[in-house]
Amino acid sequence: MVDTAIGETAAARPRKAAGRSSLRKALKRKSTTAFLMTLPLILLIALLVVYPAFYSVHLATLNKSMQRFVGFGNFEFLFKRDTFWLVVKQSCIFAITAVVFKALIGFIVAHFVHNIPAKGQRKWRGMLLVPWVIPPAMSTLAWLWLFDPSYSAFNYTLGFFGIGPIPWTGDAAWARFSVILVNVWYGAPFFMIMYLAALKSVPEQLYEAAAIDGANWWQRIWYVTLPMMRNIIAITTLFSLIVTFANFDIVRILTAGGPLDKTHIFATWAFRVGIEGSDIPLGASVSLFMVPILAVAAIFILRDVNKRGNES
Amino acid sequence: MSTLTIDKAGPTRNVKYGSMSRDRTWALRWSYFFLTLFAIFSLVPPLYMLITSLKGSAEISAATNPWWVFHPTLENYAGLLTSNQFLRFFFNSAMVSIIVVIITMLISIPAAFALSRMKFWGSATLATGVFLTYLIPDSLLFIPLFKMFAMIGDVTGIQLINRWYVLLFIYPTLTVPFCTWIMIGYFASIPKELDEAAIIDGASWLQTLTRIFIPVALPGLIAATIFAFTVSWAQFLYPLVFTTSADQLVLPVGIVTTLIKGDVFNWGQIMTGALLGAAPPLIIYAFLMDYYIAGLTAGATKG
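Those protein sequences? They're chains A and B, same order as listed. Okay, so the first sequence: first residue is 1 according to our numbering, each after it adds one. Okay, so the second sequence: first residue is 1 according to our numbering, each after it adds one.
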């Protein structure tokens with residue numbers, strides 16, 4: 001009995017060892033395969049994203065003809081220019097105002113869509129998402145035509161109420177308003193869809209419990225809806241902050257930075273200086289100023305995404 | 001006496017129910033009212049594109065009501081659809097978008113499979129890195145990329161700047177990270193038992209991917225494809241930087257740079273071109289709305 005038991009283990013041992021080594025081989029093979037499968041991705045990211053990002057730092061330290069190292073010369077030059085500070089200010093105003101309004105409108109519209117009977121929701125959602133689907137360059141052309149100085153359809157309509165004509169893109173303050181308006185129009189549907197998805201995931205029982213406790217609609221939003229949606233609101237807002245801060249199409253087509261550089265944001269000014277003005281190093285320096293705010297937003301998004309990953 | 005009390009009780013009870021349902025009806029009415037307002041706000045620019053595209057140039061410059069077409073004409077459509085230049089833009093856009101979709105899928109599906117199922121050294125870091133890459137905007141990379149491709153042209157003699165196919169190298173930087181990220185999410189939601197069963201039956205990793213993962217995660221795949229296509233179709237900054245000759249332009253840049261000649265805006269044709277340029281994403285959206293929305297929300301809710 002004992003012998004057979006020993007015999008069995010003795011027989012089992014080599015098999016186990018063989019199994020382990022083939023397992024190791026398999027593991028090795030598996031990780032090689034896995035590496036090969038991710039290699040195109042790694043190459044793409046390394047060569048066309050990470051390398052250009054660092055290359056841009058290098059470019060920013062060269063002079064205009066890109067032959068001489070000037071250190072922080074480009075940055076010192078920028079700090080002395082009024083236009084640069086105008087761009088910094090306008091980028092912040094543009095991004096923050098647009099994101100706040102997008103988030104607010106998205107939240108309100110999502111509530112209204114959530115309120116109506118389920119069978120009609122699809123239709124409304126479909127209509128309200130159209131601005132997000134149209135390529136922004138194309139829809140901005142429509143806005144440009146709506147804002148046209150002499151044939152503006154808006155001014156025609158406002159004329160009936162005795163308002164206007166409003167210089168939508170001609171006056172600095174109105175032009176700033178216009179670029180934000182178009183950006184809100186384009187981006188609010190994205191918030192609406194994200195919030196709608198989040199609203200659907202809030203359990204109905206929580207609202208029933210709140211209703212039994214006598215909560216009014218405001219308290220239901222403040223104590224039930226918002227805490228349940230906190231995560232998705234944070235991620236959506238931060239994500240939108242990045243996209244809005246880096247926006248190019250809308251400002252470029254609507255005002256091209258004018259009047260008098262008053263609506264330039266980092267991306268459009270970097271394009272104007274770097275590509276149109278063929279001062280590549282200076283353009284690279286301008287766009288590098290986007291990095292700090294993007295990095296901060298990215299860190300917070302990453303933290304939230306990881307938290308969500310750990311919870312699930 | 002008894003009828004009287006019943007009469008009294010009846011109305012009060014009715015009023016109570018009535019007030020609640022009346023609140024509900026009013027809330028509904030307000031919802032519909034505001035939704036109508038927002039829908040008008042959303043749909044005015046595309047509708048105005050359509051209205052303008054049906055007008056002749058005389059009507060556009062006339063001082064009539066801009067919101068109505070008095071003499072509908074298809075001359076703008078006829079003009080654009082017979083212009084070789086415009087068809088060339090359309091063809092370039094279609095080529096770039098379709099090839100980019102194929103490249104994106106070829107890179108991101110195997111990568112997502114490896115990152116979600118075959119844990120290897122650094123795989124978690126790489127997944128995070130992919131997500132971070134997705135957050136790097138085009139407006140940060142266009143200058144160094146332009147300089148890089150100009151330098152490749154100088155060093156090797158292969159001229160890539162001002163060729164439409166240079167966009168095939170650049171667009172994947174926008175599409176691959178996001179597609180990989182959502183595919184990781186979709187693949188991770190497939191039960192482990194499924195691929196373990198396949199491995200036990202002697203399937204190789206490649207077979208597991210093609211026979212099990214791709215069919216099961218098909219909705220995610222469609223969502224990723226739609227995303228890659230719409231992003232490539234709508235991209236404006238890169239083609240504006242990298243291409244300048246009229247025969248190399250893609251649709252959005254082509255419309256903006258060739259139909260606006262100096263201060264002369266041919267609005268009828270611009271709006272027609274914009275509408276035709278917006279049509280492919282809109283058609284995809286109309287037919288595959290659920291996949292479109294799934295792709296949109298997956299970015300933040302999966303993972």
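What the hints contain is simulated information worked out from the structure, not anything from laboratory work. Hints are not guaranteed to be accurate.
Said to hold, decoys possible - Okay, the calculated beta carbon distance ranges per label pair:
#, chain 1, residue 1, chain 2, residue 2, range
1, A, Ala-209, B, Gly-122, 40 to 50 Å
2, A, Ile-163, B, Glu-75, 41 to 51 Å
3, A, Trp-217, B, Ile-40, 19 to 29 Å
4, A, Trp-217, B, Ile-283, 55 to 65 Å
5, B, Arg-29, A, Glu-276, 51 to 61 Å
6, A, Leu-39, B, Ile-214, 37 to 47 Å
7, B, Ala-124, A, Ile-221, 33 to 43 Å
8, A, Leu-39, B, Ile-283, 41 to 51 Å
9, A, Ser-201, B, Ile-98, 43 to 53 Å
10, B, Trp-30, A, Arg-122, 12 to 22 Å
11, A, Ile-163, B, Ile-214, 27 to 37 Å
Claimed, not checked - Calculated Cβ distances over 12 Å to all of chain B for the following chain A residues:
#, residue
12, Val-50
13, Val-57
14, Gly-126
15, Pro-189
Claimed, not checked - Examples of chain A residues toward chain B, derived with CB under 7 Å:
#, residue
16, Trp-145
17, Ala-246
18, Gly-258
19, Ile-275
20, Ala-298
No residue lacks a Cβ here, since even glycine has one placed at the ideal position from N, Cα and C.
Against the structure, the hints come out as follows:
{"no.": "1", "hint": "A:Ala-209 <-> B:Gly-122: 40 to 50 Å", "in the structure": "holds, 46 Å"}
{"no.": "2", "hint": "A:Ile-163 <-> B:Glu-75: 41 to 51 Å", "in the structure": "violated, 34 Å"}
{"no.": "3", "hint": "A:Trp-217 <-> B:Ile-40: 19 to 29 Å", "in the structure": "holds, 25 Å"}
{"no.": "4", "hint": "A:Trp-217 <-> B:Ile-283: 55 to 65 Å", "in the structure": "violated, 39 Å"}
{"no.": "5", "hint": "B:Arg-29 <-> A:Glu-276: 51 to 61 Å", "in the structure": "holds, 52 Å"}
{"no.": "6", "hint": "A:Leu-39 <-> B:Ile-214: 37 to 47 Å", "in the structure": "violated, 20 Å"}
{"no.": "7", "hint": "B:Ala-124 <-> A:Ile-221: 33 to 43 Å", "in the structure": "holds, 37 Å"}
{"no.": "8", "hint": "A:Leu-39 <-> B:Ile-283: 41 to 51 Å", "in the structure": "violated, 36 Å"}
{"no.": "9", "hint": "A:Ser-201 <-> B:Ile-98: 43 to 53 Å", "in the structure": "violated, 35 Å"}
{"no.": "10", "hint": "B:Trp-30 <-> A:Arg-122: 12 to 22 Å", "in the structure": "holds, 20 Å"}
{"no.": "11", "hint": "A:Ile-163 <-> B:Ile-214: 27 to 37 Å", "in the structure": "violated, 57 Å"}
{"no.": "12", "hint": "Val-50", "in the structure": "violated, 8 Å"}
{"no.": "13", "hint": "Val-57", "in the structure": "violated, 9 Å"}
{"no.": "14", "hint": "Gly-126", "in the structure": "violated, 6 Å"}
{"no.": "15", "hint": "Pro-189", "in the structure": "violated, 7 Å"}
{"no.": "16", "hint": "Trp-145", "in the structure": "holds, 6 Å"}
{"no.": "17", "hint": "Ala-246", "in the structure": "holds, 3 Å"}
{"no.": "18", "hint": "Gly-258", "in the structure": "violated, 13 Å"}
{"no.": "19", "hint": "Ile-275", "in the structure": "holds, 6 Å"}
{"no.": "20", "hint": "Ala-298", "in the structure": "holds, 5 Å"}
Hint check: violations occur at hints 2, 4, 6, 8, 9, 11, 12, 13, 14, 15 and 18; the rest are consistent with the structure.
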